[in-house]
Structures are given as structure tokens and as C-alpha cells.
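Undergrad: Single-letter residue listing:
Protein chains: 2
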Amino acid sequence: MTEQNERPSLEVCLSPALLHLYDVKNSVVVIIDVLRATSTICTALYNGAAKVIPVASVEECVNIGRQLGAITAGERDGKIAEGLVHGNSPFEYPRDFVEGKTLVLTTTNGTKLLHMAKDAIQIITGSFPNISAVCDYLVAQGQNVILGCAAWKDRVNMEDALFAGAVVSRIRQHFSMNCDSALAAETLYHAASSDLYEFMKKASHFQRLARYGLEKDIRYCLTPDGANVLPLLKNGELIAG
Amino acid sequence: MTEQNERPSLEVCLSPALLHLYDVKNSVVVIIDVLRATSTICTALYNGAAKVIPVASVEECVNIGRQLGAITAGERDGKIAEGLVHGNSPFEYPRDFVEGKTLVLTTTNGTKLLHMAKDAIQIITGSFPNISAVCDYLVAQGQNVILGCAAWKDRVNMEDALFAGAVVSRIRQHFSMNCDSALAAETLYHAASSDLYEFMKKASHFQRLARYGLEKDIRYCLTPDGANVLPLLKNGELIAG
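So the protein sequences, as listed, match chains A and B. For what it's worth, full-length UniProt numbering labels the leading residue of the first sequence as 1, then goes sequentially. For what it's worth, full-length UniProt numbering labels the leading residue of the second sequence as 1, then goes sequentially.
Chain A on its own, in the form it takes in the complex (with noise of 0.2 Å):
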């Protein structure tokens, strides 16, 4: 909590290898993947899945998901990761597969991050299909809030970017900002947001997801609310919130 009278700091980190710089554990840190890891775990909740685990390799993804029979996720290089059964589309996990299942996921950057935040007050996952889900609370808790971009491995990106600058002009009048990522992130949600797709398509991301005919993919994880629903992690396992 902080002081009475003093608003909450919103701060945006660009890259997991600039975490060390905030103050997480006094934090709520949103973790964000919006191509497509984070997109991909409101879709599910949002179907109904039970939970969806995170995990960073693909041998721990086939044993845990041995263990608790679950349906396996995750990609290499854009493609179904060997021993897996499915890939990081959110449009593989509509109701009528997902619901009252549980999701083990693999992700390289969003994991990664996640680990690294894990003494944080709590830990939220952010994309735009779930937005409005994100900032209500955000609002509602009054914390700190670091908006943690995954990054591709470790540069930044600019979808990531882009959805910490579209929940910073959406909650900053109820925070204090003295961040200039956060500036920067506003200021490049605001120049994009009248076409972020059209936005998107000069980013490095985009290049190599088009590369796979994944153009439906990203149109829906720029889409806003469409999976409204807010993961939180408890015990290692994202759920509805």
C-alpha cells in the first residue's frame, strides 16, 4: 500500500532485461505477450478453461501435462513444439474444446518474465483481448503497477509496447508517472492506435508471424475485449479472476 494521499506509481519495463531496475515486489506486475502467449491465456480462461499452467520448456510441458492429463501448448520457430499437441493460437482454444480443462502453456519470453516477477503482490497477465479486464483492475487494487513486456528475447517489441501504452493512457489519472518508458509507450499507443494493424505491420514481429499466414492471429490479438476476462496467478497457475 502506499501513502495516504499519494497515488500509486505507473511504470512500464520494455524488456525483462531491465526488470532488476523495479521495485517488483511492491508491485502488481502485468505480464505481456500480446503475439500471442498472453492473447492466447484470456482466450482460454475466457472459454472456460479451468487453468492454464505456464511453464519455460517443452519437457516440463509434456510431464506436467502427463501428470494432470492436460492438453499441451506451445511453439518453437512458429511451429507445434515436438511432443506437443497444440500451438499458441488462441483460435485453437474455442469453448467447445477448452472448457473445464486445463492448459499447460510454453512460452519462451512471457515464461520467462513470469519467473522473474514472481515476488511480486501479484501477478496478472495483459493483452488486448482482455484490456478493459486488466485496467479495472488495476484501478480497483490502488498498488504500484509495473507493466512488464516480454520482449523477444530480451529486445523490445512493439506489440508489447504498444498494449503497455494503450493501459497507460487509459489509468494514468489514477497514478503518478514518473516513468519515461511509460511516457514513451503512450506516446507510441496514441501514434499507432487509429490502425494499429496497419501500425504493426512495420514491426519486426509481425514480418516473421506473417511468415506463417498468421495474419487472423494478429488482428485478434489487437483486437480489444475480446476474451474479457482477467488472469491471475495463484500457486503457479493462472485462473479467472
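Errors might be hidden in some of the hints.
Since the list can't tell identical chains apart, any single copy or any two copies may satisfy a pair.
[What the hints assert, rightly or not] DSBU-like, lysine-lysine: derived pairs with alpha carbons at most 30 Å apart:
| id | residue 1 | residue 2 |
| --- | --- | --- |
| 1 | K25 | K112 |
| 2 | K25 | K153 |
| 3 | K112 | K234 |
| 4 | K202 | K25 |
| 5 | K234 | K201 |
| 6 | K153 | K112 |
| 7 | K51 | K216 |
| 8 | K153 | K118 |
| 9 | K201 | K101 |
| 10 | K25 | K79 |
| 11 | K216 | K118 |
| 12 | K79 | K101 |
| 13 | K202 | K101 |
Since the hints were derived computationally from the structure, they do not count as laboratory data.
We have chain A already, so just place chain B on it with the hints.
TA: Chain B only, in chain A's frame:
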């Protein structure tokens, strides 16, 4: 050198804590510390200083200054550091003071990055007062370029990102670009360029410096080509190229 028919790459590194992700060894690195180290460096050289020696600590600054009978300069927390004679303001280095002299300058963020980039093909320093000299040099070299922001204690800052974006917007057609940080910096610059000073009022460093009454410095440091010379690092010393 890159292969024939392939343009060299243009990338932006937003914090020294991310520099390990870049191929420094095969690149020209531009050290960017807009408020105010690199603005002051080009100003001193433009006004006829023989050279500027960047050092990390106040102690080193005092010692080298004594050995060489040089001007010693540097600030900590907005004040001239104890043991040194001059500060970080470009206005402290007019021609009638600095011509023919050696300036030993200690800065925290900029010097740190400079030492980290020591394996680069060439290190130069960049800031708005010498932006044209920097751009002309980079285009003429035809090498891979990393625009390295000194940032603030490793945290991304607005002024260095804006300068990187200004360079990207001027020279990008000569390079291949696949770097979201470069795209972000360029987008920020376009959003801010109609009035950089006004935009910078929202940034954290502006607020820090404005407390010390340095609005005049900030205006100068955001204005193109007031000291249009190219500082090149040779044997640990910056000289006019």
C-alpha cells in the same frame, strides 16, 4: 563491411543494459547522452578544444586533469562534483575559454556506455547540436550502426530515444531496418518533433534538470546543429573528426 548489394543495418539500443543483445563488434556505435554530456562534448570540440577525455569517476577526472593540466569537469546530482572545477553545461565551454585546451569530463551514464562499446568498429558521440555531422558520417561509412542511448541509470529515457529517432528518420533509407526500438524511436520523434522542448516537459529528466534552473541548457541540447562537429573516439580520447 556487409556483403555487396545488402544495406548495412540500423538499430537502436535504448539502454546500456541491453547492449549485449547487439553486435557491437561489427558496428559503428553512436553514444547518445543528450542531457547533457554528448551535447557538451561536441560543443567543446566545436569551440576548438583539442580533445575531450571521458572518464568514469571524479577521482580519475582529478588525477588526469592534474597530469595534463587540463580542465576538469563533471557533475553529480546537478552540482559540480567535489574536486572538479566545471560543470556539464555546454555554455561553460565558449571558444575563448576552451580553445586549444583539453577537457577531462566525468559523466555516469554516457561514460559507462562508451566503455561497454569499446570493441566497436568506431565510437562517435551524438546529440542534437551535431546531428548533421553524425548523420553524414554514418551514411558515408556504410557500416552497420547501433544508436546507443546512455539512458539514466540503465532506465530508458526520452531525450536519448528522441535523438536516436531523429537520426533514424534522417538516414533510414540508406540502411536496412529490422529493429522495433528503432521504429519506436522514430515514431516518438515524429510525435514530438513539432516542438521537442514542449514534449520534453513531460519527461523525467526535464523535471530533474528544470529543478536546477537549466531550461536554457535543455533548449540548446534539443536544437539541431549548434555545434556541428563529429567527435570520434581515438585511443580513449574524443577528437573532432
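Undergrad: Determine for every hint whether it applies to the structure shown.
TA: Verification of the supplied hints:
1. K25 with K112: Both. Shortest intra-copy (17 Å) and inter-copy (28 Å) distances satisfy the 30 Å Cα cut-off.
2. K25 with K153: both (24 Å within a copy, 20 Å between copies)
3. K112 with K234: Cα proximity of K112 and K234: one copy only (17 Å, versus 40 Å across).
4. K202 with K25: The answer is between: 27 Å across copies meets 30 Å, while 35 Å in one copy does not.
5. K234 with K201: Close neither inside one copy (36 Å) nor across copies (41 Å); limit 30 Å.
6. K153 with K112: Classified as both; 10 Å inside a copy, 23 Å across copies.
7. K51 with K216: within (25 Å within a copy, 56 Å between copies)
8. K153 with K118: Classified as both: same-chain Cα gap 19 Å, cross-chain 24 Å, threshold 30 Å.
9. K201 with K101: neither (35 Å within a copy, 51 Å between copies)
10. K25 with K79: neither (36 Å within a copy, 33 Å between copies)
11. K216 with K118: neither (33 Å within a copy, 44 Å between copies)
12. K79 with K101: Answer is within; shortest intra-copy Cα gap is 23 Å, inter-copy 61 Å.
13. K202 with K101: neither (37 Å within a copy, 47 Å between copies)
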